[in-house]
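Student: Those protein sequences? They're chains R and Z, same order as listed. The opening residue of the first sequence carries number 1 in my numbering; numbering runs sequentially from there. The opening residue of the second sequence carries number 1001 in my numbering; numbering runs sequentially from there.
Careful, some of the hints might be misleading.
[To be verified] Cross-link-like lysine-lysine pairs, in silico, DSS-like; alpha carbons within 30 angstroms at most: (1) R:188 / Z:1254; (2) R:236 / Z:1093; (3) Z:1250 / R:188; (4) R:188 / Z:1236; (5) R:202 / Z:1254; (6) Z:1275 / Z:1254; (7) Z:1116 / R:275; (8) R:202 / R:275; (9) R:254 / Z:1254.
[As the list claims (entries may be wrong)] Residues of chain Z placed beyond 12 angstroms of chain R at every Cβ, according to the derived structure: (10) 1002; (11) 1171; (12) 1174; (13) 1198; (14) 1201; (15) 1269; (16) 1324.
Source of the hints: derived by calculation from the structure; they are not laboratory data. Positions of the beta carbon are idealized from the N, C-alpha and C atoms, including for glycine.
There are 2 protein chains.
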Amino acid sequence: MRLALDAMGGDFAPANPIAGVVQALRAYGDFSVILVGDEERVRAELSKHDTRGLDGRISFHHASQVVDMVDSGIDSVRRKKDSSVSRAIDLVKEGRADAVVSSGHTGALVAAATIKLRTLPGIHRPGLAVVIPTETQGFLLLDAGANIDPSPEHILGYAIMGSIYVREILGTQSPRVGLMSIGTEASKGNEFTRECYGVLSKAPVNFVGNVEGHGLFSHPVDVVVCDGFVGNIVLKTVEGLATSMFRWLKREMKISPIRLLGAWLARGAFLSIRKQTSTDEYGGSPLLGINGVCIKAHGNSSPLAIKNAIRVAREFVFQKVNARIVEAIEQHHEEVSAHQVK
Amino acid sequence: MRLALDAMGGDFAPANPIAGVVQALRAYGDFSVILVGDEERVRAELSKHDTRGLDGRISFHHASQVVDMVDSGIDSVRRKKDSSVSRAIDLVKEGRADAVVSSGHTGALVAAATIKLRTLPGIHRPGLAVVIPTETQGFLLLDAGANIDPSPEHILGYAIMGSIYVREILGTQSPRVGLMSIGTEASKGNEFTRECYGVLSKAPVNFVGNVEGHGLFSHPVDVVVCDGFVGNIVLKTVEGLATSMFRWLKREMKISPIRLLGAWLARGAFLSIRKQTSTDEYGGSPLLGINGVCIKAHGNSSPLAIKNAIRVAREFVFQKVNARIVEAIEQHHEEVSAHQVK
């Protein structure tokens, strides 16, 4: 597997992407990497690491520009043609790489991937699929922000793609799909979710109906589909609240020596939850529906998160997730056509 | 102050509404209550409590029906004319009560209040305003689900009403208002939030821009406005995740005796956070914009939550929140007209 790594994207680039890929090269022997970005800075950063034995698996591709967080996604593709993320996508388009990992600007990755690689046959819009950990096992939320104003057909695509991803990568057979809404009955929600409910009821997925905010954590499903606006709000609200609760607990624990002692004795409990909810462990979120493999890592990714994003990219390529998606979509369209002929 | 209490609404009715109002009658000497619901059941429930000295402040209003959770809000008003929530609203309409408290069906309360009491002059839709506690002080979220498909003008009304409520009831001068969106820049979000951003930028409130899910808990504002679909999802996601995290921590603490001991030593920290985040403490969520005082208590309200919802109803009446809202809306419209004449 040949990986194009956006070495300049993210809050801690190039340090963390480089540190993460070195960890990944040591952990997985089955891939090589092209480091995309300002070659001088990338080489300087890489020289801080021990790369003995890895040199044959590392190459460089210069890109002179970096997308800023203030750039709009589409503009970044048009105006910064030599950005690290655009160049990394170009390498996939030209067949010189099999997958891209980037912790940079989400909008830029989505725009560059959609424009340059296009979507899979039968899929009209990509969706960002993020694993949200819970006390049981977690669920896949999509779309988490790639497509702000989708149609019900796009949501159908997310349900199919999410189910395949969960089955192939996370190993859950017959994943349950829920539609993010308010109220569990089919009649609840807004006009858009009611339309989606109708479409999903006839879809070749294990659709279990609407899921509410409470239900995400008490009766979790495996795949939660929604528009990218709602999905992004849910994702960031969950991340924000979880971070805040840990911070708040820490502050409360520091109030007295007795509490501090208690916290120390019970530290295993906190560490266990922190580990299970760490974005570092999940690492990468696939942009599903792109005719190529694009994994988005969190903007503040640690080296471990980058390493795990690379693990996800490898699994995505080796499990041939895109081929599975294309098969499922084709089969669905054939069934719909056959039904219409009858 | 004369309160009409929906004695039959909620998951634990009539037990908890009755127990809560008895607590409130003892705590606050400045109100009387009309218990609305099946009179026989209500009297039987009340007889379980010591009401010595309170009898002159308690009266009854029979209502033969109860709205079920499966009823739609509008249908419940049309078909269940003798429901406890509709009858309680009728008492306000007829001038026989100053405020309603209900822990029943939100949609039924919103529909009955909107149809029977109408909205305040200059306000076109009511919004449900819920206090969400945070590690700093909490924020008011509205709309939390009364109005699924609002216009930007409705959102403007929420910003004005929310600011007045926070100032008059929670005591925060010049409350900061944020618009729930994705991305903090004005250009981010969807078409609806971009329109709202423009309207709010010219509004007579302290508008500080978009707020994201992360920002709700790290740089909190005082009032967060959004459509009722997004607001309800945010509310329930926050409640669901917070409950889940406490449950998860508890399970992890029980894994070993050492952890259990630690948890016991540090119990003050957990209790402090639990108390500060308890919906019992906040009690009631006002339905802002109704020409009357309607307080929604959580469906699973404890007696303490009912008592605190009654506290909120009293404050709402005594602080003349609705008169303040009407003044602010009139002033805004005069300023807009004066501006247009120029």
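Student: For residue 1324 of chain Z, is the shortest beta carbon distance to chain R beyond 12 angstroms?
Tutor: holds (30 angstroms)
Student: Could you check that no beta carbon of chain R comes within 12 angstroms of the beta carbon of residue 1198 of chain Z?
Tutor: holds (17 angstroms)
Student: Run the distance test for residue 236 of chain R versus residue 1093 of chain Z: straight-line Cα separation, threshold 30 angstroms.
Tutor: Not satisfied, since the Cα-Cα distance of roughly 42 angstroms exceeds 30 angstroms.
Student: Would you assess whether residue 1174 of chain Z, listed as outside the interface, keeps its beta-carbon beyond 12 angstroms of every beta-carbon in chain R?
Tutor: Holds: least Cβ distance 24 angstroms, greater than 12 angstroms.
Student: Between the alpha carbons of residue 1250 of chain Z and residue 188 of chain R, is the straight-line distance 30 angstroms or under?
Tutor: Violated, because 34 angstroms separates the two Cα atoms, which is more than 30 angstroms.
Student: For the pair supplied as a hint, residue 254 of chain R and residue 1254 of chain Z, confirm whether the alpha-carbon distance does not exceed 30 angstroms.
Tutor: At roughly 22 angstroms apart (the allowed maximum being 30 angstroms), residue 1254 of chain Z and residue 254 of chain R satisfy the hint.
Student: Are the Cα positions of residue 188 of chain R and residue 1236 of chain Z separated by 30 angstroms at most?
Tutor: holds (15 angstroms)
Student: Quickly compare the C-alpha distance for residue 202 of chain R and residue 275 of chain R to 30 angstroms and report which way the hint goes.
Tutor: Cα-Cα ~38 angstroms, so violated.
Student: Is residue 1275 of chain Z within 30 angstroms of residue 1254 of chain Z, Cα to Cα?
Tutor: holds (22 angstroms)
Student: Is the nearest CB of chain R more than 12 angstroms from the CB of residue 1171 of chain Z?
Tutor: Holds, because the least Cβ-Cβ distance between residue 1171 of chain Z and chain R comes to about 22 angstroms, which exceeds 12 angstroms.
Student: Examine each Cβ of chain R, and state whether all of them lie more than 12 angstroms from the Cβ of residue 1269 of chain Z.
Tutor: Not fine: 4 angstroms to the nearest Cβ puts residue 1269 of chain Z too close to chain R.
Student: Just double-check residue 1201 of chain Z for me: nearest Cβ-Cβ distance to chain R has to come out over 12 angstroms.
Tutor: holds (19 angstroms)
Violated hints, listed in ascending order, are 1, 2, 3, 5, 7, 8, 15; each of the other numbered hints is respected by the structure.
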